[in-house]
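Engineer: So the chains spell out like this:
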Amino acid sequence: NAGVTQTPKFRILKIGQSMTLQCTQDMNHNYMYWYRQDPGMGLKLIYYSVGAGITDKGEVPNGYNVSRSTTEDFPLRLELAAPSQTSVYFCASSLVRDPSYEQYFGPGTRLTVT
Amino acid sequence: AQSVTQLDSHVSVSEGTPVLLRCNYSSSYSPSLFWYVQHPNKGLQLLLKYTSAATLVKGINGFEAEFKKSETSFHLTKPSAHMSDAAEYFCVVTLEDAGNMLTFGGGTRLMVKP
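So the sequences go chain by chain: A and B. Quick note: the first sequence uses my numbering, first residue 1, plus one each step. Quick note: the second sequence uses my numbering, first residue 115, plus one each step.
Just chain B, same shape as in the assembly (with noise of 0.2 Å):
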């Protein structure tokens, strides 16, 4: 079976200061794994996605993740916040064998104070 934890439920950081989301993730085999973010009142947007190519994945927005093998881990970074990254961040995990289904975490929130 497949599952992902995140590990922080709210993260608050100063605008123009660095962003962390961590991810850990558990999957048997090679997975597939993406952040959404989901803007209040919005639909989810990819922000980016691992598909076993580079293990450093840049995606929109200045954001980029790290796939750790070795640390079962995905986690999200950008170099300096900005207000309109305000917003719910989901880690993602899915099997190629599970059709394509999605395995979400329990989401970030992430604040910006100016």
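Next comes chain A alone, as it looks inside the complex (with noise of 0.2 Å):
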């Protein structure tokens, strides 16, 4: 199993570009999420789904569309970059909303705007 991936990883946007971060998971898990990680923070949720065709703001959803049309996929989009979207952002899945499971994480996406 791959089990999380995510593409690219590395991307620098000019400011006022957009792009779209892809995530794929082969766990066939319910829930994804999509955080950022700021230097020195740790991760604060953007989006998450809990199945296809659902998805909820997290912490820090501005700037940021999501869609969930199978599964498997959770893209993440950039509409208008800015310099404040610089950051690691890392895809997430997990089976179920039980806390005591695990979320997998993927290896994440380094992402510069300038």
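Hints are computed from structural coordinates only; laboratory data are not their basis.
Derived lysine-lysine pairs resembling BS3-like cross-links, with alpha carbons at most 30 Å apart: (1) B/Lys156 <-> A/Lys57; (2) A/Lys44 <-> B/Lys163; (3) B/Lys156 <-> A/Lys9; (4) B/Lys182 <-> A/Lys44.
Every value quoted in this text rests on a predicted model; they were computed, and no experiment measured them.
Could you fit the two chains together into a complex? Lean on the hints.
Structural biologist: Next comes the structure, spelled out in structure tokens:
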């Protein structure tokens, strides 16, 4: 199993550009999450999904959009990139909502907006 | 509201000496607590978790943590540090009624000297 995969690994954007960060999991997990990690900080939740067609905002959703058309994929869209969105982005998935179940993380996408 | 405080942003130990990474949490309810490790340029990996069973939790790679409700602490320990333990460690709390939303501490960078 590949687990949670993310593409690209690195990206540099100019202010105002848009891009989509891809996330795929092959564990048939219902729950998927997007986090951002700023330097020296813990992860903050951007958006999450409890199943195909259902998404909801996390702690820091402004400037981002998501969709969940399949169980496997959960792309994150940046429409108008800003320097404040320079960060490392992690996608994660979990089988169920029970907090005793582990969230599995992808390797991350390092995004720089200049 | 729940929150997590990691008391040290950096910890430096010599190889073969004990490791102590400190974590305090605040939560109105019975929390689930986790320690995740992040090696450079990698995703997060679960070290161990506490979910209201035994208060002393053993994890991978010789790490363990003790849940102390009276002190609202969940410190991570290892008897003897190895060079491969050098990484960033995150203490994480989640609540059953918070949709399995993870709240991360700010992280502790562990450095291991030869």
